[in-house]
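Fit chain F to the supplied structure of chain L, relying on the hints for placement.
Those sequence lines, one after another, are chains L and F.
Following the working numbering, the numbering of the first sequence begins with 890 at its first residue and continues without gaps.
Following the working numbering, the numbering of the second sequence begins with 10 at its first residue and continues without gaps.
One or more of the hints may lead you astray.
Claimed, not checked - Covered, in the sense of this in silico footprint (three residues per stretch, anywhere, with C-beta under 8 angstroms from a C-beta of chain F), are these stretches of chain L:
#, segment
1, 971–981
2, 1081–1093
3, 1132–1142
4, 1154–1164
Stated by the list, open to error - Which residues of chain L face chain F? A partial, calculated answer using Cβ under 10 angstroms:
#, residue
5, GLY897
6, GLY988
7, ARG991
8, LEU995
9, ALA1006
10, THR1051
11, PHE1053
12, LEU1057
13, PHE1102
14, ASP1106
15, THR1167
Simulated from the structure, these hints should not be mistaken for lab results.
In this text, all values refer to a predicted model and were calculated from it rather than measured experimentally.
For each residue, glycine too, the CB sits at the ideal point set by N, CA and C.
Listed here are the chains, written in short residue letters.
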Amino acid sequence: MKERRGQGYLFVAPSVVILFVVALCPIAMAVWLSLRRVILVFHEDRFVGLANYRFLLQDSRFFAALGNTAYFAAVSLLIEVGLGLPIAMLLHRAFRGRGVLRAAVLVPWAIPTVVSARMWAWMWNPDYGLITRVLHTQDVDFLGMPAYAMHAAILVDVWKSTPFVALLLLAGLAGIPEELYRAARVDGASKRGIFFSITLPLLRPALVVTVLFRALDALRVFDAIYVLTGGGPANTTETLSIYSYKTMMRSGDFGYGSTLAVATFLVVVLVSILYLNTIGRGAVGTTEDKR
Amino acid sequence: MKAPSMGARLATALGAAIAAVFFVGPFAWLLLTSLRPEGEITEVSLPSALSSSSYANAFHGRPFARVLLNSLVVAGATTIFCLAVASAAAFALAKLELRGKRALLSAALAVSMFPPIATVSPLYLALKEVHLLDTPLGLVIPHTTFALPLALWVLTGFFREIPDELYRAARVDGCSPFQAFRKVMVPLAMPGFATTAILVFIFSWNEFLYALTFTSSPSHRTVPVAISLFAGEHTEPWGEIAAASVIATLPLVIFTLMFQRRIVAGLTQGAVKG
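In isolation and in its complexed conformation, chain F is listed as follows:
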């Protein structure tokens, strides 16, 4: 194959640069806004110095620390619960003889395509009935609606990649299907678990409609809800909003970049192979 021409290389570089600026630029601007000294928030020139005052102010007078904790609890619990439940099913779907495999996977996919608004009113009334409105558990349940199908799809893909022989060998050695699952398959699927956990956690951390509808008191909100309602006494506190947004986002961005290969694999295997 001949080397690409100078023009083609230039076009590639230009396209890549424009794409990178478009996708990273706005977040970089947010980061810069959050680091400006108090008097320079509204400037467009480079700041005279970097300051953490917006970060301190973001926590001042509002329960933002508590909000971060809420999100951590909701997303953490959703992740653990969905992975525990989905792992058994995903293993069975990938390795055991079952009727209705396709039907179950299709149903899970269909559920994940639901508009969440369709379940808001019944879930609201049900959660109200059992006094779970405005609680973390009251959010884990609706988040499961979408997180469980996601976990099911991604984990099934990962279990399929483990050679059948390993499972059969475990069975020949006298393991019950459950022992083979727990002692052989789960350890082998660990990278898959990590990927699925990241995807489910990010989904739950970012979820907005349920979190907005099912929480009411400021100290029970999750991060997206708090940020959407972030308001100052007189004007919009853009520096503080930017700082809160960066706090809510930077860990996810760093996480995503660290595990980017796996995340891309996890995201695309469900979609493209399905």
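Pulled out of the complex, with its shape left as it was, chain L reads as follows:
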């Protein structure tokens, strides 16, 4: 049957218009604001060109936040894939209690990050926390120590996001034909050989997508750190989103805050482009072409 093209566009029009209004317009406005000096309380609002960006390039606090964000993303991602893959392989196996375990890993996913952050903060409480008491480290304020605070935030992220990683990889594992494993076993392949020559290569598309999703999510981290440390102690856990938020909402500087926000956005875009053109090359394209 011949469809009239026009009707299809009517169906998608509302979504397109709304995405334009709530996503693209604000981004464009953020770029515009980043070229201005906007201090709400002083009713100051004037065009300053690239002055904010010039300041950004000399702002050591910005580079520290960039470094903290990169560290947070890299370490949490490594741990999440390192734990998520074995859990996915475990869930892929048939054993009694598999349903229970799959349900169990979904619990952290459903819990608001704010709640998980407060929950972990409670367990680390220097006076009464479960962890501090079990480790006999009372009076050590883990969240107040630069060396520990960032890792505490990473642990919260690992707890919440590893299940997501495991479930995505599990879906990837489910897509590998069972015959391949059977054939390899008939040929006498070792377990390690099967993992490296069948599982890992065929899981690659799922891995590539999972890592990209998690990386972009980690680069915008805000909730866990805001609740756990607020960026402290001494800005050692301050990430790009936290610094930008503080500049806008605490210092009331919407111009430079927007510059930081745009910089965060550009970091995310750059990482995606670099990733898709190097590690992700081919893997993402092939899955899309299957449609």
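Showing chain F alone in chain L's frame:
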């Protein structure tokens, strides 16, 4: 295939047990803390009795009931709005001939990967301009930024699973594309709608950055914001925080566990097939 050896079975069981304890343990501890009698909140031994006093105290002297209602309104409205808008588009993307399908889906995916901080300042100024700061509607709009792409992806996946023949049959029987969508496709996609609704609702219920930035008065906050700012007069009221956290979370956890198969399907189809 030969049965796995004793050692392999033991390793599986051990791994599964450690994973289950790691993922459920902290929440169980939170639950236990919330149920301790007032004097035993800071104990690590098992409580002498279970008490609901922390739950009563969580509502005492702060607008926590109102906060729960706010979250319900914001998440509910976001869910209904995004599903209504996205369902038509998802149907068209899955079943109609359109140019730029890939472009639209890619754009939606790109939007969902935005760092939300990038839109905080313009949205703040815009909402201030139209006097929607500190209102539920003022949160539905920014939540749509991320909820709409999510709904679009998940629903498109579900519409694709419905055989094309059913749509074509409806058209042959004289339905317009819109009638075919409303009378044939929507009822068939109901399980997909339920899944998408749960995902969008949980996203909106849990969202923190916008809710923190765009609300200011205690009675207009959402649950995550209220919990992040939960404070007592002198010391941190851990029992009450735990109780409030459990109230804010338990319905979602139960919901998630009830619909776990569908949620996993919905979560993974967008990601892995895309």
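Hints, one by one, checked against the model:
{"no.": "1", "hint": "971–981", "verdict": "holds (count 3)"}
{"no.": "2", "hint": "1081–1093", "verdict": "violated (count 0)"}
{"no.": "3", "hint": "1132–1142", "verdict": "holds (count 4)"}
{"no.": "4", "hint": "1154–1164", "verdict": "holds (count 3)"}
{"no.": "5", "hint": "GLY897", "verdict": "holds, 4 angstroms"}
{"no.": "6", "hint": "GLY988", "verdict": "holds, 9 angstroms"}
{"no.": "7", "hint": "ARG991", "verdict": "holds, 7 angstroms"}
{"no.": "8", "hint": "LEU995", "verdict": "holds, 5 angstroms"}
{"no.": "9", "hint": "ALA1006", "verdict": "holds, 8 angstroms"}
{"no.": "10", "hint": "THR1051", "verdict": "holds, 8 angstroms"}
{"no.": "11", "hint": "PHE1053", "verdict": "holds, 7 angstroms"}
{"no.": "12", "hint": "LEU1057", "verdict": "holds, 5 angstroms"}
{"no.": "13", "hint": "PHE1102", "verdict": "holds, 6 angstroms"}
{"no.": "14", "hint": "ASP1106", "verdict": "holds, 8 angstroms"}
{"no.": "15", "hint": "THR1167", "verdict": "violated, 18 angstroms"}
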